[in-house]
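Engineer: In case you want the letters, here they are:
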Amino acid sequence: MKIEVLGTGCAKCKLLAERAEDAARGMGLAYTLVKVTEYPDIVARGVMSTPGLVVDGVLKCQGTVPTVAAIQALLR
Amino acid sequence: MDTETKGCACDCAAAVPPPPVSSLWARGGWLLVALPAWVGLYRSLKPLADLLAFRVLGLGPGSRLGEAVAFFAFDGPKVLMLLGLVVLGVSFVQTFISPEATRDLLAKRTGAWSNLLASLLGIATPFCSCSAVPLFIGFVRVGVPLGATFSFLISAPMVNEVALFLLWSLFGWRIALLYTATGVAVAFVSGWLIGLLKMERHLEPWVMEIPYEAAAASATAMGFAQRLELAVQATWDIVGKVWPYVLGGIAVGAFLHGYVPAELLARFMGKSAWWSVPLAVLIGVPLYANAAGIIPIVQVLLAKGAALGTALAFMMAVAGLSLPETVILRKVLRPTLIATFLGVVTLGIVIVGYLFNFLM
Chain A
404 MKIEVLGTGC
414 AKCKLLAERA
424 EDAARGMGLA
434 YTLVKVTEYP
444 DIVARGVMST
454 PGLVVDGVLK
464 CQGTVPTVAA
474 IQALLR
Chain B
242 MDTETKGCAC
252 DCAAAVPPPP
262 VSSLWARGGW
272 LLVALPAWVG
282 LYRSLKPLAD
292 LLAFRVLGLG
302 PGSRLGEAVA
312 FFAFDGPKVL
322 MLLGLVVLGV
332 SFVQTFISPE
342 ATRDLLAKRT
352 GAWSNLLASL
362 LGIATPFCSC
372 SAVPLFIGFV
382 RVGVPLGATF
392 SFLISAPMVN
402 EVALFLLWSL
412 FGWRIALLYT
422 ATGVAVAFVS
432 GWLIGLLKME
442 RHLEPWVMEI
452 PYEAAAASAT
462 AMGFAQRLEL
472 AVQATWDIVG
482 KVWPYVLGGI
492 AVGAFLHGYV
502 PAELLARFMG
512 KSAWWSVPLA
522 VLIGVPLYAN
532 AAGIIPIVQV
542 LLAKGAALGT
552 ALAFMMAVAG
562 LSLPETVILR
572 KVLRPTLIAT
582 FLGVVTLGIV
592 IVGYLFNFLM
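Residue numbers (my numbering), protein chains in the order written: chain A, 404 to 479; chain B, 242 to 601.
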C-alpha cells in the first residue's frame, strides 16, 4: 500500500504524516509513506487545500487532519 | 503562516464512517452542561481578576502595575473564552462549506459580479493561507477570473468570521460591521482592478501549463454529532495555535493600558496627525499576526486615543497582507503582479483609514 501525504511541511502536514504512520502501523499494513512537498506535484493531484492524503493513487482527504481511527477507516 | 484562525474544514468527513457513538452525552449532550458553565465563568471573570490583582498579589488599586495586572488577568481569559466559543460555532457552520464548493460557485461568473461574490464568499469559506498556492491554481484553472481569485485571496484572511465576532463582542456591532463592509470593499475593488489590468501573463508559466484535473467537492452528508466532533477538533487546533499570539497581544495591551498616558497615542495616532494612517499601514503590512492576536492591541490603541480609521487600517494591514504570504504567492505570481497586488491593497486600506477618520 502506498500512502502519500501532500503538503509543503506546515505543522498540519507533519501531524497528518505522523498519524497516517501510526494508523498504518496499528493495522499491521505493509506500506510505504511518501511526503509530496513540491507545489507542482501537490497541485497535479487536483488538491485545493493541504494537507492531503492519497492512498494508492486515490485522494482520500484534503484540508484536514483526521484522527488515527478515522485514517484507519480510510485505509481499509 | 500557520497561525490561521480559519480551520480548514473537513472534506473527507463524508468518506469517514461515523464513529461509534455511545451515548447522548458524547453526541452533544455535554454542550448542555458546558454552555451554562461557560456563561457562569465568563460573568465572574472581572471579580476574579480584581481579587487576584488587588487581594492575592496585594497590588494597589489605581497603581500602574496593579491596573496592568488586573487588565491582563481579566482580558486574557475573557478573549480566549470568547475565541473558543466563536471558533466552535464557526467551525461547526464551516463543516457545511468547502473551498471546492466556493470554487464551483465562482467558476461560472464573470465581471464585477464575480469580484463581489468572491469577496463575500471569502468571509465564510474555510481557508488556510498555507494552502494559498493550491487554492489559487485550483481557482484559476477551472476558469474563475483572475480578478475574482484575488478578491477571494484578499478577503479570506482579512475579513474572517472570527475577527468579525471578536470585534462584535469587544467593540459592538457597528465597528464589526464597518470593518467587514470596508474589508469586503477593499477586496472587491482591488480584485476588480487587477482583473481590469488583464495580468494573466504575469502568472508563472507552470500555473497554466501543469496538467490539472480538479478534484470534485465531496458531498458532506454528516450527522450533528460528527460535525460537532469535527468542530471541537478544529477549535482545539485553532485555539491551541493562536493563544500565545492572543495573550501576547493582550500583554502588550496591558502594558499600554497601565503605563502609556492616554494623550500620548492621540498625538501619534489621532485624527490630527495626517501621516498616521499610511504609517500604521506600512508598519502593519509586513507584520504577520492573526486577526485574533491584533484585536486586543487595537482595543487598547482605541482606548488611548488612537483614531478609529487609523486603528482599523492597522488591523487590516496586519491581517490581510504579510511577508510570508507574499513569499508563498511568489511561487505562482511574477514580481509585477505581486507588486500590483500589494500596491492596490495597501492603497485601498489607506483610503479606508482616511475615510473613517474623516467620517467619524
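Note that these hints are calculated values from the structure, not bench results.
All of these numbers come straight from a predicted model, not from anything done at the bench.
Some clues are possibly wrong.
Stated by the list, open to error - Computed cross-link-like contacts, SDA-like style, restricted to lysine to any residue with a CA-CA straight-line distance of at most 25 Å:
id: 1; chain 1: B; residue 1: Lys572; chain 2: A; residue 2: Thr440
id: 2; chain 1: A; residue 1: Lys417; chain 2: B; residue 2: Leu570
id: 3; chain 1: A; residue 1: Lys417; chain 2: B; residue 2: Lys319
id: 4; chain 1: B; residue 1: Lys287; chain 2: B; residue 2: Gly270
id: 5; chain 1: A; residue 1: Lys405; chain 2: B; residue 2: Val568
id: 6; chain 1: B; residue 1: Lys572; chain 2: A; residue 2: Val471
id: 7; chain 1: B; residue 1: Lys319; chain 2: B; residue 2: Leu329
id: 8; chain 1: A; residue 1: Lys438; chain 2: B; residue 2: Pro565
id: 9; chain 1: B; residue 1: Lys482; chain 2: A; residue 2: Pro443
id: 10; chain 1: B; residue 1: Lys349; chain 2: B; residue 2: Glu450
id: 11; chain 1: A; residue 1: Lys417; chain 2: A; residue 2: Leu477
id: 12; chain 1: B; residue 1: Lys572; chain 2: A; residue 2: Leu477
id: 13; chain 1: A; residue 1: Lys417; chain 2: B; residue 2: Val568
id: 14; chain 1: A; residue 1: Lys417; chain 2: B; residue 2: Lys287
id: 15; chain 1: A; residue 1: Lys417; chain 2: B; residue 2: Leu564
Engineer: Take the hints in turn and mark each one as holding or not.
Structural biologist: These are the hints, each one checked on the structure:
1. Straight-line distance between C-alpha atoms of Lys572/B and Thr440/A comes to about 13 Å, which keeps the hinted pair within the 25 Å bound.
2. A C-alpha spacing of about 22 Å is found between Lys417/A and Leu570/B, which places the hinted pair at or below 25 Å, so the restraint holds.
3. Simply put, Lys417/A and Lys319/B have alpha-carbon atoms about 32 Å apart, too far for the 25 Å limit, and the pair is violated.
4. As the CA atoms of Lys287/B and Gly270/B are separated by approximately 29 Å, the hinted pair breaks the 25 Å bound.
5. Distance restraint check for Lys405/A and Val568/B: the Cα-Cα separation of roughly 32 Å exceeds the 25 Å cut-off, and the hinted pair is therefore not satisfied.
6. With a C-alpha separation of about 33 Å, the suggested pairing of Lys572/B with Val471/A is violated against the 25 Å cut-off.
7. The hinted pair formed by Lys319/B and Leu329/B meets the criterion: a straight-line CA distance of about 16 Å does not exceed 25 Å.
8. This hinted pair checks out: Lys438/A and Pro565/B have alpha carbons roughly 22 Å apart, not beyond 25 Å.
9. Between Lys482/B and Pro443/A the CA atoms are separated by roughly 28 Å; this puts the pair beyond 25 Å, and the hint is violated.
10. Restraint check for Lys349/B and Glu450/B: the C-alpha separation of about 22 Å stays at or below 25 Å, so the hint holds.
11. Straight-line distance between C-alpha atoms of Lys417/A and Leu477/A comes to about 18 Å, which keeps the hinted pair within the 25 Å bound.
12. Under the criterion of a C-alpha separation no larger than 25 Å, the hint pairing Lys572/B with Leu477/A is inconsistent with the structure, at around 32 Å.
13. The hinted pair formed by Lys417/A and Val568/B meets the criterion: a straight-line CA distance of about 21 Å does not exceed 25 Å.
14. The hinted pair formed by Lys417/A and Lys287/B fails the criterion: a straight-line CA distance of about 40 Å is larger than 25 Å.
15. A threshold of 25 Å between alpha carbons decides the hint, and for Lys417/A with Leu564/B the separation of about 23 Å falls inside it, so the pair holds.
The structure fails hints 3, 4, 5, 6, 9, 12, 14 (numbered hints given earlier, in ascending order).
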